[in-house]
Amino acid sequence: AQTVTQSQPEMSVQEAETVTLSCTYDTSESDYYLFWYKQPPSRQMILVIRQEAYKQQNATENRFSVNFQKAAKSFSLKISDSQLGDAAMYFCAYKRFGNEKLTFGTGTRLTIIP
Amino acid sequence: DAMVIQNPRYQVTQFGKPVTLSCSQTLNHNVMYWYQQKSSQAPKLLFHYYDKDFNNEADTPDNFQSRRPNTSFCFLDIRSPGLGDAAMYLCATSRGGGGAEVKNIQYFGAGTRLSVL
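Protein sequences, first through last, are from chains A and B.
Position 110 (the first sequence) corresponds to 149 in our numbering; numbering is contiguous.
Position 115 (the second sequence) corresponds to 407 in our numbering; numbering is contiguous.
No wet-lab data here; the hints were simulated from the structure.
Here the structure is a predicted model, which is why all the values come from computation and not from measurement.
Check each hint, because a few of them may be wrong.
[As the list claims (entries may be wrong)] The calculated label-pair distances, taken between Cβ atoms and stated as ranges, are: (1) K330(B) - Q47(A): 14 to 22 angstroms; (2) P79(A) - S314(B): 34 to 42 angstroms; (3) P153(A) - N347(B): 28 to 36 angstroms; (4) L123(A) - Y302(B): 20 to 28 angstroms; (5) K117(A) - D351(B): 15 to 23 angstroms; (6) R148(A) - F307(B): 43 to 51 angstroms; (7) F136(A) - L409(B): 20 to 28 angstroms; (8) Y302(B) - G124(A): 43 to 51 angstroms.
[Stated by the list, open to error] Not close to chain B: a few residues of chain A, all C-beta gaps over 12 angstroms, as computed: (9) S51; (10) E54; (11) D65; (12) S69; (13) M84; (14) E91; (15) K109; (16) K117; (17) Q122; (18) L123; (19) T142.
[Claimed, not checked] Simulated pairs of lysine to any residue, SDA-like, Cα-Cα distance not exceeding 20 angstroms: (20) K336(B) - Y64(A); (21) K94(A) - E54(A); (22) K140(A) - P353(B); (23) K140(A) - H321(B).
Cβ coordinates follow ideal geometry from the N, Cα and C atoms, glycine included.
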């Protein structure tokens with residue numbers, strides 16, 4: 040079974056600084072997708088960034104980028120120029136190709152310090 | 293805007309009294325999911341519909357049932373809520389299937405917070 044591990048229950052960063060959230064996963068599959076979802080307090084979960092395992096190039100979305108290391112099964116999220124609105128719970132998630140199920144990590148609560 | 297809508301946002305029920313949570317979507321996605329999320333935990337998948345096909349997770353209690361009368365709507369029925377069922381329930385949708393246009397992204401509703409008294 041696939042598992043997703045987020046070893047940092049909580050992180051904090053000064054506003055405008057850069058922070059990296061860690062995620063590792065375990066799978067025997069070669070085709071899969073990885074995601075970072077953001078869940079602000081009392082608000083809905085939204086997609087931050089998505090990576091297809093077959094792509095070597097790391098995904099980027101504005102201030103958000105990932106470091107995808109397929110051999111190491113690592114998928115970290117870097118947030119640059121942190122803003123107050125980035126404060127949220129961040130979930131790393133895995134999806135096997137051809138399967139509709141998402142497997143979530145336990146989440147990292149990110150606090151932005153003004 | 294196209295979206296996933298959950299009603300109500302807050303639901304209070306009594307121990308053992310059946311309750312139904314609703315989800316609708318305007319994305320025309322063929323897959324709909326129900327998750328249970330307890331405080332500061334990851335969402336736990338209860339079941340999902342792929343089109344009309346119901347897919348139950350092995351560890352989902354029999355107390356939880358679901359209905360999908362059409363593409364747009366999906367319901368979560370809790371037949372006899374217990375105190376342990378108090379949680380946030382999240383509905384999500386995605387466009388299932390293969391092809392380059394399928395981005396495998398799940399879109400979530402804002403959730404229904406269920407309290408059991």
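Hint-by-hint comparison with the structure:
| no. | hint | in the structure |
| --- | --- | --- |
| 1 | K330(B) - Q47(A): 14 to 22 angstroms | 20 angstroms, holds |
| 2 | P79(A) - S314(B): 34 to 42 angstroms | 23 angstroms, violated |
| 3 | P153(A) - N347(B): 28 to 36 angstroms | 45 angstroms, violated |
| 4 | L123(A) - Y302(B): 20 to 28 angstroms | 26 angstroms, holds |
| 5 | K117(A) - D351(B): 15 to 23 angstroms | 34 angstroms, violated |
| 6 | R148(A) - F307(B): 43 to 51 angstroms | 31 angstroms, violated |
| 7 | F136(A) - L409(B): 20 to 28 angstroms | 44 angstroms, violated |
| 8 | Y302(B) - G124(A): 43 to 51 angstroms | 24 angstroms, violated |
| 9 | S51 | 16 angstroms, holds |
| 10 | E54 | 24 angstroms, holds |
| 11 | D65 | 15 angstroms, holds |
| 12 | S69 | 16 angstroms, holds |
| 13 | M84 | 4 angstroms, violated |
| 14 | E91 | 8 angstroms, violated |
| 15 | K109 | 17 angstroms, holds |
| 16 | K117 | 20 angstroms, holds |
| 17 | Q122 | 22 angstroms, holds |
| 18 | L123 | 21 angstroms, holds |
| 19 | T142 | 9 angstroms, violated |
| 20 | K336(B) - Y64(A) | 17 angstroms, holds |
| 21 | K94(A) - E54(A) | 32 angstroms, violated |
| 22 | K140(A) - P353(B) | 18 angstroms, holds |
| 23 | K140(A) - H321(B) | 15 angstroms, holds |
Of the hints listed earlier, those the structure fails to meet are numbers 2, 3, 5, 6, 7, 8, 13, 14, 19, 21, in rising order.
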